[in-house]
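Participant: Chains as they are written, first to last, in this note's numbering: chain V, 1 to 498; chain W, 499 to 766.
Incorrect hints may have been included.
List of simulated lysine to any residue pairs, SDA-like, C-alpha gap at most 25 Å [claimed, not checked]: (1) V:K94 x V:Q81; (2) V:K121 x V:V153; (3) V:K456 x V:S361; (4) W:K728 x V:A266; (5) W:K728 x V:D242; (6) W:K728 x V:P218; (7) W:K572 x W:Q559; (8) V:K98 x V:S109; (9) W:K743 x V:R249; (10) W:K730 x V:L216; (11) W:K728 x V:D265; (12) V:K399 x V:H225; (13) W:K644 x V:E476; (14) W:K728 x V:Q81; (15) W:K728 x V:H197; (16) V:K137 x V:N117; (17) W:K730 x V:T255.
Facing chain W, a subset of chain V residues (Cβ under 10 Å, in silico) [unchecked claim]: (18) K121; (19) C201; (20) Y215; (21) S232; (22) M236; (23) R249; (24) G251; (25) Y256; (26) F260; (27) L261; (28) L262; (29) L350; (30) I352; (31) S354; (32) P436; (33) W464.
FYI, nobody ran anything at the bench for these hints, they're computed from the structure. All C-beta atoms, glycine included, are put in the ideal place defined by N, C-alpha and C.
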Amino acid sequence: MGGFLLASVVLRRAEVLGMSLTPSLNKLSWVGLLAVFAATGCSNNDSSFVYSERTTSLMPEAQDGIPGEADDAPGVLGVKQLLDDRFGNPQNLKAWLKLPVDFGGTQASVSEIVTENDQFKVKLAVEEGVALPEAPKALEFITGECVGETIAVSGWDAETGEAVLASAPTKQPAAGDLCALDGGGVMRSGRVLYMRHCSHCHGTAGDGHGPTAEYLNPRPRDYRHGVFKFTSTNDMSKVSRDDLARVLRYGIPGTYMPSFLLLTDAELHAIVEYVRFLSLRGEYERKLVNELAGDYSAKAAQSRVADGENRTEIVAELREFLAADLPDTATELGDELAEQWSVANTPEALIIPSVARVPDSPESRRRGRELYLSKTLNCADCHGVDGAGNGPQTIAFEKNPITNEMYNEPGLHDVWDNLNQPRNLQTGIYRGGRRPIDLFGRIHAGIKGSRMPSFKNTPHEEIWHIVNYVLSIPFESEPGATGVAAPVSAPVAAAVAP
Amino acid sequence: MKKFWALFFIFWPVVALYVCWIAPSRGWWFPSKPMSSLGHQIDGLFYLILFIVALTFIATQAVMGYALWRGATKKSTEKAMFSHGSHKLEIIWTIVPSFILVFISLTQLEVLANIRVISKFPDEARRAPIAEVMARQFEWRIRYPKPGTTLATEAQSGDLYYVNELHVPVSQPVMVNLRTQDVQHAFFSPKLRVKQDAVPGLIIPIWFEVEKAGEYELVCAELCGWGHYKMKARIVAGSEASVQKYMTDLEAAQNEDGVADAPAETEE
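Please take these sequences and the hints and turn them into a complete structure.
Facilitator: Listed below in structure tokens is the structure:
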């Protein structure tokens with residue numbers, strides 16, 4: 001880019017020179033222009049995922065690994081390398097098999113390898129119930145000797161699953177190796193769509209720090225906690241694919257998240273998978289750093305040295321930890337995340353009320369109001385007695401649970417450290433959706449990442465009463481008119497068409 | 499050579515004239531045929547102006563062509579006529595255009611009134627606006643009245659909500675109330691020839707009658723911020739029955755309580 005700018009300046013210069021000076025000078029400026037291009041080359045626009053501030057606050061050795069020194073002190077990988085090995089960068093996303101993310105394509109395993117007449121053929125088998133693609137264009141090895149190699153498919157027999165490869169792989173694949181036919185399509189289109197529609201707020205790495213994020217309140221979601229607020233899953237579960245698709249489709253009223261209803265289902269699916277990929281990457285990074293942050297952050301190392309420890313010894317200890325403990329932890333972490341993000345899509349994770357919604361009635365609203373004000377549920381502590389979102393908690397100072405420091409401003413904060421005041425229930429704007437089941441879910445599971453707790457032990461019938469009351473708040477004749485049916489004011493259509 | 503250039507400059511106006519002539523029938527003038535009743539009136543105005551402009555163009559080009567040809571064929575001894583500063587000529591080319599402008603402005607009054615003046619709206623549209631379209635950065639939020647009731651200016655319990663998709667009955671005039679939650683936006687549906695700014699603090703009624711069932715683009719036509727390009731929705735026009743069914747389904751979806759006997763989830 002810099003080269004281009006410079007070149008365009010020279011070009012403009014050349015025009016001026018060409019008009020006023022002799023042709024030979026004009027020629028010279030063209031030579032200068034070429035020289036600029038030669039010096040700068042075609043600029044490289046590769047982007048990369050930024051590492052979190054927590055990662056970059058580790059000791060440099062923990063971030064980047066330690067090179068080998070002797071046979072008894074082999075090189076060890078740092079957090080950044082561990083992360084990149086598993087997730088890649090935006091140009092080269094890694095299909096880490098463990099991830100419950102749909103990378104696209106068909107996965108198959110090599111059952112037989114045939115080399116005849118200079119043709120390299122592999123016979124592929126797919127799992128039962130999976131259909132072989134009709135005309136795959138490329139084959140990528142996911143495991144085995146040839147891992148990472150992508151080779152064009154020049155001939156294909158959909159009946160037998162026999163693929164003729166355009167060129168022989170550099171190494172010899174073995175039967176049982178896994179490969180993907182036309183793999184990565186979903187991720188690639190997800191990345192393109194994400195870059196176009198999402199990254200200017202949510203950032204390339206999903207850190208919620210895109211260029212337009214600064215101007216927004218509430219701030220765009222930072223995916224790297226792996227936490228999403230508006231889910232249909234229970235309080236212990238992650239967000240499901242359907243929840244993410246729902247938010248993309250219908251937007252979040254009351255925030256800057258717009259609706260992407262006009263995107264096709266395939267496009268939405270690609271974006272959802274890409275967001276899941278970014279969330280998994282961020283959460284993995286976060287949890288990996290958690291293992292190191294206590295003892296090996298730059299700050300911790302500094303204070304340890306101040307306490308009389310030798311830095312070389314700390315690095316030796318870190319080497320030991322990175323070599324012996326971290327790889328296992330990383331594997332466990334991957335398994336754990338894969339499990340959590342998969343389970344969220346199962347029916348078991350969904351909140352299903354045990355009773356149908358209690359029909360809306362003045363009695364039900366009154367009961368809901370009682371519960372709302374009750375000492376046990378204490379909704380009014382945050383949302384205020386009239387539901388205006390101005391309960392006593394909103395003017396109390398609270399402590400950051402991670403750093404144990406007081407926040408600068410009063411009010412409730414979410415896990416992203418943003419001021420996150422309780423919703424004003426009088427506005428009739430429901431960020432997580434206005435269906436009764438949406439409100440039921442907000443109360444039952446709480447709002448993940450925020451201070452809205454889960455009330456999963458409250459009987460479902462009581463939750464429905466509260467839902468009925470909350471839905472009636474915007475239409476109360478006066479604030480706090482306890483459960484009395486708000487008279488619906490006569491339609492005033494005439495008012496707009498005088 | 500002089501004659502060549504005279505013919506050359508006469509040739510291009512003839513081509514332009516031909517293009518003007520066939521443009522309306524070929525649909526070169528607009529992105530599509532008008533799909534609403536108002537659209538025909540609006541297009542009529544455009545074609546009227548095209549006609550006037552083409553006529554003026556013919557007249558001026560004919561004079562120019564004549565002058566060029568005369569210049570190319572006249573003898574070198576013939577003297578040129580000097581006409582600069584002619585009072586008569588200036589009066590003519592001031593009065594004639596002003597008559598044309600007055601004519602255009604009087605002719606379009608009726609159509610403008612049909613678009614903008616609420617008392618000229620068709621009665622059935624005016625009586626019951628079908629929806630409120632609330633523009634906001636960067637989407638269109640739609641609020642329909644609860645089936646069986648009329649739309650109120652303020653949100654009512656039981657109102658139905660959707661985003662970026664407006665369903666309207668076909669072949670009947672419909673009115674929507676246009677509002678904005680933040681900055682200026684503009685409700686623009688090119689095929690329906692509807693374009694109206696949404697202004698903060700105002701409720702602006704607009705009406706249109708879709709002639710053919712189908713999906714129509716609705717975009718924002720007022721640069722409203724960095725996400726302006728995303729502000730795209732669709733207008734779905736269908737039969738009265740299909741719109742009613744849509745409303746019933748929407749009401750059911752909005753009252754979804756997640757218990758099995760209720761209709762299946764609408765989302766994926």
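Participant: If any of the earlier hints don't hold here, list their numbers in rising order.
Facilitator: The structure conflicts with hints 14, 18, 22, although it agrees with all the remaining ones.
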